[in-house]
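Q: The lines below spell out each chain.
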Amino acid sequence: MGMSAKKKVGRFCYHLFIGGFGLLMIYPVLWMIIGSFKNNNDIMNHSANFLPTLGWHMENWANGWKGYSGYSFGTFFTNSLIVAGIATLATVISSSMVAYALARIKFKGRKIWFSCMLATLMLPGQVIMIPQYMIYNSINAVGTFVPLVLPHFFGQAFFIYQMMQFCQGIPRELDEAAFVDGCSKYRIYSRIILPLLKPSIVTTLIIQFYWKWDDYMGPLIYLSRPATWTASLALKNFADSSGQSDYGAMFAMATLSLIPVFLIFLIFNRYLVEGISSTGLKG
Amino acid sequence: MKKKANAALAAQPKTFKQRMQSDNAVGYVFAAPFIIGFICLTIFPMGLSLYYSLTNYNFVHADFIGLNNYVRMFTGDSRFWYSLWRTFLYVILAVPLKLIFALLVAFFLTRNTKIASLYRAVYYLPSLVGGSVAVALVWKQMFARKGMINGILGAIGIDRLNWLGDKNLVLFPLALLTVWQFGSSMIIFAAGLKEIPTSYYEAAEIDGASSVQRFFKITLPCLSPVILYNLVMQTITGFMVFTQAAIITQGGPADATNFIAYYIYTQGFKYFDMGYGSAISWVMLVVIAIVTLIIFKTSKKWVFYEAGNDD
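Protein chains in written order, with UniProt numbering: chain A, 1 to 283; chain B, 1 to 311.
These aren't lab readings, by the way, just hints derived from the structure by calculation.
Pairwise CB distance ranges, derived in the manner of DEER restraints:
id, chain 1, residue 1, chain 2, residue 2, range
1, B, L161, A, G85, 39 to 45 Å
2, B, A62, A, L266, 46 to 52 Å
3, B, K194, A, K108, 35 to 41 Å
4, B, Q21, A, S115, 23 to 29 Å
5, A, S190, B, P221, 41 to 47 Å
6, A, N40, B, A254, 27 to 33 Å
7, B, D207, A, T53, 57 to 63 Å
8, B, I290, A, G143, 36 to 42 Å
9, A, G143, B, W302, 45 to 51 Å
10, A, K108, B, I115, 50 to 56 Å
11, B, W85, A, S241, 31 to 37 Å
Restricting the straight-line Cα-Cα distance to at most 27 Å, the calculated cross-link-like pairs of lysine-lysine (DSSO-like) are:
id, chain 1, residue 1, chain 2, residue 2
12, B, K217, B, K297
13, A, K108, B, K17
14, A, K111, B, K297
15, B, K114, A, K7
16, A, K198, B, K114
17, B, K17, A, K106
18, A, K66, B, K140
19, A, K111, B, K300
20, B, K114, A, K6
Covered stretches of chain A (chain B as the covering partner; in silico rule of three or more C-beta atoms under 8 Å from a C-beta of chain B):
id, stretch
21, 88-99
22, 122-132
Think of the CB as a built atom: it goes at the ideal place given N, C-alpha and C, for glycine as much as any other residue.
Construct the complete structure from the given sequences, taking the supplied hints into account.
A: This is the structure:
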């Protein structure tokens, strides 16, 4: 009896600690969402309060939506969707191709290319930031979405590596049997490997999409005309220009910019967790 | 010998098609995207960047000036040294804390209950949103003079702190934003914890080992390869910190958050001193390579690989 009471107290403390800490973790996000309904006075002078002290202000959302220099956030969200959408699809196709080659085909130089892929995995992007800009500038691509999406057509090391790990789990007997039956290695990719890679592809879709959606440095360097801004860049410039005078509207648009990410999180939570554990492990 | 020749002769009209079926052809067709990208968008720019670092390239002209950029960096630019120092401080502050949190929380959430997976999801959420501009702006507001943190401190009778304006304090809010995103490392640790055979723990329990002993004698050694992976990846990302410095502090106050990546950006795209920016990029690459190498070298002392698991 005493033992089970002790166990109950222990379990209660466990949930109190883990749950309380969890609440603390997501508090900034909740605070941002609630903040999108507060007016400036509220945000500045009652900053310790969680709920609005001076009423709920829905107009923040309408004010924020108006956007910046004549372009509404509708434009910026469309731009973000185009960039993140193209980049994500390109990443999935190119990375799965490269992963198939490196994991399954014994071609000359495979080991060298595999090492190159691992090296790019660890290469800090800033090292090639300036020359890449020069290259895009020389083909007149600065100011367009090309520099933001083009690299994704050549495979992304992180996802190639993840898909290779996943390929290792697909029984080789499957491709061998298909090969004996006269299926070419091209068809093995499209008929056998690609369908079986599905869980890995879903993970790639999710992670690449939100990485690209959140990206700030790329748009900052390449996009200068407001008509081309992505949501993240627009949000920053919006905050600089009107953030000081209208925190509520800034919070409203900040919340809005995270909604696609929240949705992904709610729908694909399981895939995300599995994907990350399979990438990280065995590495 | 003759048979082979005959077969080759018979197959002559189909050579191209057949050649395309060889492993070499298939391999290069599928690997082509990576190979083209690697050469055009990684190796070529790296070479170009190395060349620019030996010039005074500024968008208009590029005169070869030898090692002058490097001489200037090492002897004449105190901002560069300060930037390197502050980046190191930031990495040393943020990365170990992040990994400790990730490991502890993963350890406490190993049970496979529904509620544990809910907690895991809650702890993971910050990793998903933490890199965004939106959260950086929220952070800026939280740690502002009249922000939420000071509001709460004030409510419990502590003086306001100038979090983002004091160079002795400013690294804490920024490091906290990084530590806050411990979720993805946590998930990798959690997967690693699952791989440790329960028989190890059972044996230790029979031998009378306490739970603390079990953590240090079984969990940590078994997990050490995963710790190494997380440490290397997080250190590299730590050195590349950019968004936080660009949005929350703009490198300030008094260059206290002028991290290397931000410094390269300002040299290249604000002052258009792209030759000098390229030179700093290369020094950054070498610094990160050295740090990574040191981690790998020391790892031989603390990473344990199970026998027979060496593929």
